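Once you know that position 857 of the sequence shown is 857 in the working numbering, the rest is easy, because the numbers rise by one and skip nothing.
Hint data in this document are derived by calculation from the structure and do not stem from the laboratory. In this text the structure is predicted, and so the values were computed from the model without any measurement. Warning: the hint list may mix true and false statements.
[What the hints assert, rightly or not] As a list, the in silico DMTMM-like pairs of lysine to aspartate or glutamate whose alpha-carbon atoms are at most 25 Å apart:
(1) K357 - D123
(2) K458 - E428
(3) K782 - E623
(4) K357 - E530
(5) K533 - D101
(6) K468 - E417
(7) K413 - E493
(8) K468 - D455
(9) K357 - E675
(10) K490 - E417
(11) K105 - E131
(12) K275 - D265
(13) K97 - E46
(14) K275 - E748
(15) K105 - E748
(16) K275 - E304
(17) K782 - D760
(18) K357 - E704
(19) K50 - D31
(20) K632 - D31
(21) K60 - D31
(22) K50 - E93
(23) K468 - E530
(24) K357 - D122
(25) K50 - E67
(26) K293 - E279
(27) K50 - D119
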Amino acid sequence: MTLRLLTAIATCVGFASPATSNDDSLLFERDIRPILKQHCFHCHGEEPEKHGGLDVRTVKSMLRGGESGPVLVAGSADGSHLWQRVFSDEMPEGTKKVPADQKQKLQAWIEQGARTARDEPDDPELARFTEEELSHWAFQPVRRPDLPSLPERTRTAADHPIDAFILSRLSAAGITQLSPEADRRTLIRRATFDLLGRPPTPSEVEEFLADDTTDAFAALVDRLLASPQYGERWARHWLDVAGYAETDGGVGPETERPHAWRYRDYVVNSLNADKPYNEFLVEQLAGDELAVKPYDISDPRTLELLTATGFLRMPPDVTQTSNTLMDRNQAVADVVKVVGSAVLGLTVGCAQCHDHKYDPIAAEDYYRVRAVFDPAFNIHAWQQPGNRLIDITPADVIAAADAIEVQAAERDKSLHEEMTEAARQVFERELARVPEDQQTAVRTAIETAEGDRTDEQKALLLEHPNVKTIDFIRGFFVEYDRELHARFNKAREEIAAIRATRPPRQYIAAAFEPAGPAPESRLMFRGDPEQPKQTVAPGELTVLDRGQEFRCASPEGEPSTSGRRLAYARWLTRDDHPLVARVMVNRVWLHHFGRGLVGTPGDFGLNGETPTHPDLLDWLASEFVAEGWSLKTMHRLLMTSATYRQRSLRTPELDVADPDNHLLGRTNLRRLEAEAVRDALLAVSGQLSDEVGGMSTPITEDGEGQAVFGRRQTAEGLFSGVAGIGRDEFRRSLYLQSRRALPLSMLEVLDLPAMTPNCDQRRNSTVATQSLLFMNNEQVWKLAELTAERIAAERPAETERQIQLAYLLLFGSEPAPDELAACREFVAEQTTAFRDWADDAWKTRIEQNPSAAEQRALAALCQTLICSNRFLYLD
């Protein structure tokens, strides 16, 4: 009987005669089976050969027992071998044991009579997944709930749909109102960072404060959404879940991906254009199948579609240097993991070796989904990363490069002829130094191929070591004529300089299918590619496929692609898919409110968190689809709610009713991500480059192994230094080369994620190294100095106004009177200290520039303000 049919049986009719039980009774399906599934099914259920003949997937099979008899005695834990083995840690084998709380639950369930929710089938295969697993909220269709009815006392505050849902939950917890709206300076800083990833400028703040219309904030949101920096900001969020990196991963020296930046720019441009999210997904999963073959590289739309498939090229792939079957298999597995978590919000990869330990995802399901991608990533006809490129170099660029190569080749030929003639002259000169009666024999020995020389000829040449072949002399002029050697080297450098002017070939790192029939896809026993089992057809996860079965029909005739990924992409982006819209609106909510409605954005399965506001999540998902999958519309909807505009101040009432703020009675205080911190520093110092797109700013190792901006230089194979990159150092963090094993320390300390293979949600740590970074990091001090220089240039010799500008730049607000007084005192003390600094070089600087002490004191103030939570957090 097929897995699909088994699922349908469990879903539609369940199993007969459900047992009645009290509400507080433990039930096998709900409470105990998940424990056994996590710890025991691998050996006693999922394998064809059960260890000891024991299957623990149902109570009936445990009562039957295995080779040692029944393992369960209902009503007696002490009499049950199951409990005895688990309690003593004899089972499961290995180091990972059942936690104490789960042991207690197991014991209590047995003592209560080992109850089930319903009668079980005799064959455990018919109970592979339970109704409880299949009825999980995330697998059910998205519904559009009515707006909640609110008590009279809260109704006036719920003009916005989002506020109605939030107030409904708050009201149930005894909170009748949202927190008051934050002040305007806080709101513009919050909105600007949320949508652009940088602080508002003083002029932007003043413009917003001057707008006294009722829709001033909505107009601000629209202005921010229209900025090209919006795409840069929100591209970072998508690139996290896509696992964007510009190196292949693995251990040892990193193999770079020099063309990955094109995919990054595709994401930026798509978001700025507000490309519908369903189209955005289809292009990334199957853009090559949408493009017409043969590809017209002069067509911008074709290039866009091919570039979009870089999404499938982002996961780690070490096969450029270690092309084993296991490495290939892992590369494909990471593709499936990224698609599963980014698009479906599920840990699909956990079913690669066995049925998923928590979700109703069978191993067969995993390989059906994987079969969708097998034609593009065939592990038995593998293409290494360096071969998965599409040449998009325009004809005029190729012609220009060819013309330069012809010129260089002509110089090569001329130089070769000149060097050959010079080498012949050297040869004749050295031969003339041989005794005359040996010259003919030496010449003959030299002209004889090395492998054909007689012993006498070899001995003769050893006797006259300076007589070498013309080819040898041509390569080692330094041994014969240093002047000639220097002249020829200069000529080589000139030829190399000519070749350096050739415009480079242009490539797209794309996912595409080689010509020919699609490969046969097979389930791999325990995930091992060396142990293929039965064939599988491409398809969807069974739990998401119920009622409208997904099929990838084989194209007729001689198709250019299998059509699998395009069919799957269109299936995923249909309006009624239960997960895709929910997952995306949850991600948008996460980045505006600091926490998703589902707290585990990459795991909507049974091991993930349940939604704090399930009706709101479904309403937003249905609204997202109804509004054409527009992300900008979703931003506008969320940000114009009163919920978004609340202040973050805690109150005793809220702390009692909702200590973790899951019900959103106030705004969450949020720390800026690593890139936003760096970009903010660049912005306030006036150094942030406005250059958009293109190749990334290179990052390399310096002589001490630290990550620095620049290109590593070598001489004769040894490190010789790092070539500077000028203003590229001040580009937005999005445009810094993303290296898996070599992150900038400033970003790494602030929780820059490692793409292994991707990042569903960033962590926000608070550790001492972060404070040390802001106090001691050279880049931070440099930017603090540049900020001080900017302030001094705009407001020279006016300490109070300089402090006010520092606050406006860094915080978007004016200093309070006590803050202003404290800052003036700090600057005065620091100025005195720097004037008295007993350092000869510093004294000379003071003599040359009497205001140097004041300038350095202002820089110290800027650094101190940068270290503050007020700069690092969004209120």
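Structure-based check of all given hints:
1. K357 - D123: Holds: K357 and D123 sit about 20 Å apart, inside 25 Å.
2. K458 - E428: Distance ~19 Å between K458 and E428 Cα, so the pair holds.
3. K782 - E623: Distance ~47 Å between K782 and E623 Cα, so the pair is violated.
4. K357 - E530: 23 Å, holds
5. K533 - D101: Outside the cut-off at roughly 38 Å; violated.
6. K468 - E417: Given pair K468, E417 holds - Cα atoms ~18 Å apart, limit 25 Å.
7. K413 - E493: At roughly 15 Å apart (the allowed maximum being 25 Å), E493 and K413 satisfy the hint.
8. K468 - D455: 17 Å, holds
9. K357 - E675: 36 Å, violated
10. K490 - E417: The given pair, whose Cα atoms are some 16 Å apart, holds under the 25 Å limit.
11. K105 - E131: 21 Å, holds
12. K275 - D265: 14 Å, holds
13. K97 - E46: 19 Å, holds
14. K275 - E748: 32 Å, violated
15. K105 - E748: 41 Å, violated
16. K275 - E304: OK: K275 and E304 at ~12 Å, within 25 Å.
17. K782 - D760: 33 Å, violated
18. K357 - E704: Roughly 45 Å separates the two Cα atoms, so the pair is violated.
19. K50 - D31: 23 Å, holds
20. K632 - D31: 42 Å, violated
21. K60 - D31: Holds, at roughly 16 Å.
22. K50 - E93: 14 Å, holds
23. K468 - E530: At roughly 55 Å apart (the allowed maximum being 25 Å), E530 and K468 break the hint.
24. K357 - D122: Holds: K357 and D122 sit about 22 Å apart, inside 25 Å.
25. K50 - E67: 10 Å, holds
26. K293 - E279: Roughly 20 Å between the alpha carbons, so the hint for K293 and E279 holds.
27. K50 - D119: It holds: about 23 Å lies between the C-alpha atoms, which stays within 25 Å.
Of the numbered hints listed earlier, those contradicted by the structure are 3, 5, 9, 14, 15, 17, 18, 20, 23.
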